[in-house]
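Novice: In case you want the letters, here they are:
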Amino acid sequence: MIHILKIVTQRFALGLLTLFAISLIITFGVELLPGDLAEAILGQGATPETVKVFRTELGLDKPAHLRYLSWLYGMATGDMGVSLANKREISELIGIRLSNTIFLGGFAAAISIPLALFLGILAALYRNTLYDRVVNTFTLTSISFPEFFVAYILILFFAIKLGWFPGISNVSTNLSLGDKLYRSMLPAATLTLVVVAHMMRMTRAAIINLLASPYIEMVRLKGISPMKIILRHALPNALAPIVNVVAINLAYLVVGVVIVEVVFVYPGLGQLMVDSVSKRDIPVVQACSMIFASVYILLNLSADIISIVTNPRLLHPR
Amino acid sequence: MDSKIDHIKEQLMSGRITRREFAQRLMVLGIAGTSAGTLLTWAEKTQAAGKRGGRLRAGIAHGSTTDTLDPATYENGYMSKINYAIHNHLGEVDHTGNMAPELAESWDAQNGAKTWVFNLRRGVEFHNGKTLDSDDVIASFQHHMGETKSPAKSLLKQVKSIRKDGKYTVVFELSGGNADFPFVASDYHIAIKQAWDGGKISPNDGIGTGPYVLKDMEMGVRFFGTRNPNYFKSDRGWFNELEMLSIVDPTARSNALATGEVDVIDRVDLKTAHLLARKSGIKVEETTGTKHYTFPMRTDTSPFDDNNVRLALKHAVNRDEIVEKVLFGHGVVGNDHPIAPSQPFHAATLAQRTYDPDKARFYAKKAGGIKVKLSAADAAFPGAVDAAVLYKEHAAAAGIEIEVVREPSDGYWSNVWMKKPWGACYWGGRPTEDWMFSTAYMGGASWNDTFWKNDRFDKLLIEARAETNQAKRREMYFEMQKIVSDKGGVVVPMFANYVFGTSDKVAHGTMAGNWDLDGDKFHERWWYS
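Chains as they are written, first to last, in this note's numbering: chain A, 1 to 318; chain B, 1 to 529.
If you're looking for bench data, these hints aren't it; they were derived computationally from the structure. Accuracy of the hints is not assured; some may be wrong.
Quick list of in silico lysine-lysine cross-link-like pairs, BS3-like style, CA-CA up to 27 Å [what the hints assert, rightly or not]:
#, chain 1, residue 1, chain 2, residue 2
1, B, Lys-365, A, Lys-180
2, A, Lys-161, B, Lys-271
3, B, Lys-157, B, Lys-114
4, B, Lys-420, B, Lys-505
5, B, Lys-392, B, Lys-359
6, B, Lys-453, A, Lys-161
7, B, Lys-373, B, Lys-392
8, B, Lys-279, A, Lys-87
9, B, Lys-371, B, Lys-453
10, B, Lys-200, A, Lys-52
11, A, Lys-52, B, Lys-420
12, B, Lys-505, A, Lys-161
13, B, Lys-419, A, Lys-62
14, A, Lys-52, B, Lys-271
15, B, Lys-233, B, Lys-215
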């Protein structure tokens, strides 16, 4: 147990260091882009005079490293600051978007993870049969197409031809859960199609790998049914690689969905970040990237912990 | 005679003319008495006034999380439509391109159009119940004057002072005569808002006098408003509820309309407009306004300081092909000046410049050969890079070498426009000739993107501004268009239409072309049939 705590503390410290490095890269990366918020917002209206007034108003006339330090101080004290563009509290701005993103990611995960495990286990069970080939071909096809293409195909059939689901996801905060699920069905289905192949293949490979080991042969000789062999004896030992892949895909469902958000007009965090980058609203970009980075770090951390806990050899190292 | 009547009947039904214009045309045809009466009753039925009710849902091509409700920051089509939903202005541009009274009931020019008296409408209420008076108007104007980032600041530089004359009269003193001042005073930025204690408006309160009351708003995502029950226009603002979504992606926008998630979208993707129109239940409509796409040359930079180079390039472009291939026919050719055919003082008699490689070759030879770079990015206008490549091919036939430089869209307006010697640009256009010319063609104007200066032109501009005799004004504006076309630094190959899609349940009268979607006032002017 102490061993795990040690690992977790170590990882947390490393995670914080990573976050710090990311914040530096993001800030100065955006700083390197041509133009700033005043010019981006004023667009064609950016005369030297209006830009100057606007910059002073925003505090953009101060040098970049001073702005970064004051942001860092705010962040360390739990204050994300305000958006430069509209003076709204970033925490409030991000709150709604983040909950939308997590809702969509959670919805997609709730479909895709059980589905991937189920398909993967069956594929391991009936490996090299027609079923195995069909499932593999189908999932590999859907992962090979770009997301927006999968999305448009779904829209074409389920929104335009059949009219079962809406073509865009107009989710506002005051909708009921059922309505929300209904309206985000197509984006969730798109994400499912995109992530299921990876998890399914990994489940299949991990189990098949174990099926070749001597202890499984022993189990088989005892006359236990193939389904039971996999669920009881192979799966627990295969969990570590599967959990890792699931974690990566979960992270993807939160941070990598911006294209799906655009196609379905889903008001998530990705769109907020893209908007903010194009307008050079640095505090919002920083806040978004901190959240994205933390999601990655936390999910990877929990994947590691789960694989340690499920593996006695790692849990009790000699 | 019958065919003529049929023709104007058709025009009325398609919304190209109003009932009043219909009646006037009947009179021109010499139809009076009972037959005119019958026709007018028919007209009344055909173009019945709006019907109340329903929720209008629109998908708009702009909108960003960085938008704010402050009128001094409005710069995109999404905020402009929200602006017109919750606010009113002193006047509004009607479907004929003229200035019609809105919060001002009437106005009056005195002292050679140097003093302007605006009489406010009485009994107009803000959404919070406060009655509009002259203090509100003055505070709303002051928000755009002095230390401000408002783009309207340069427009209002001509205002020397604003004072109130009683509760319902506001007097503007200008530094020079301006016969078009009501247009300036009704610029979309200058939304009339309530003056709070301290005589300032609260720019982000979202409270106005407009047809819809703001209920829920998430920037860059969604606007939701309900009908203003006390709206002062009884024949406007028909929908009970208004929902506007920001749908920046063109395919998602078409999808939203095709699947019935929204009833109106703007900026239909021109490549697929004909396919969308084929779908039953959907109409694709367009208005021709003042929006034009240009290729401005810096006349202070070699080789564009030589008018022979400019003339050679103006003759070296095949405008028809660009309208056909870049606008897919949704536009008209331009004549190297910024005044649209729909504007009152458009010089229709000025010969249209056509593609003439021989003339181009002649001027190029006089200039000693031409080899130039053309900077373009699709940020300038959709299809700008394609248009530039077509231009290059057209010019090659006249022995003119154009190298198309593809610039990044990011930061285009700050780093390329008005910086590189020759680039691409778009103008939403301005409702008056004076405004357009003063913004981008007067010597030394801050948006004079050709850095062009012509003494005769500048003199005419000042004179025409204060001239109240319409015939004389027309003559002056004609001459100015000719000067810009022959000597100016800008190539104006095309005026682009506003193309939008609606469900066929949505009805409207004759549409204004000053902005997209009926002057950005579709929510106030349209209704469900």
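Novice: Against each hint, give a clear statement of whether it holds in the structure.
Specialist: Going through the hints against the structure:
no.	hint	in the structure
1	B/Lys-365 x A/Lys-180	68 Å, violated
2	A/Lys-161 x B/Lys-271	22 Å, holds
3	B/Lys-157 x B/Lys-114	13 Å, holds
4	B/Lys-420 x B/Lys-505	48 Å, violated
5	B/Lys-392 x B/Lys-359	16 Å, holds
6	B/Lys-453 x A/Lys-161	58 Å, violated
7	B/Lys-373 x B/Lys-392	10 Å, holds
8	B/Lys-279 x A/Lys-87	43 Å, violated
9	B/Lys-371 x B/Lys-453	24 Å, holds
10	B/Lys-200 x A/Lys-52	23 Å, holds
11	A/Lys-52 x B/Lys-420	22 Å, holds
12	B/Lys-505 x A/Lys-161	21 Å, holds
13	B/Lys-419 x A/Lys-62	25 Å, holds
14	A/Lys-52 x B/Lys-271	40 Å, violated
15	B/Lys-233 x B/Lys-215	21 Å, holds
The structure is inconsistent with the numbered hints 1, 4, 6, 8, 14, although it conforms to all the rest.
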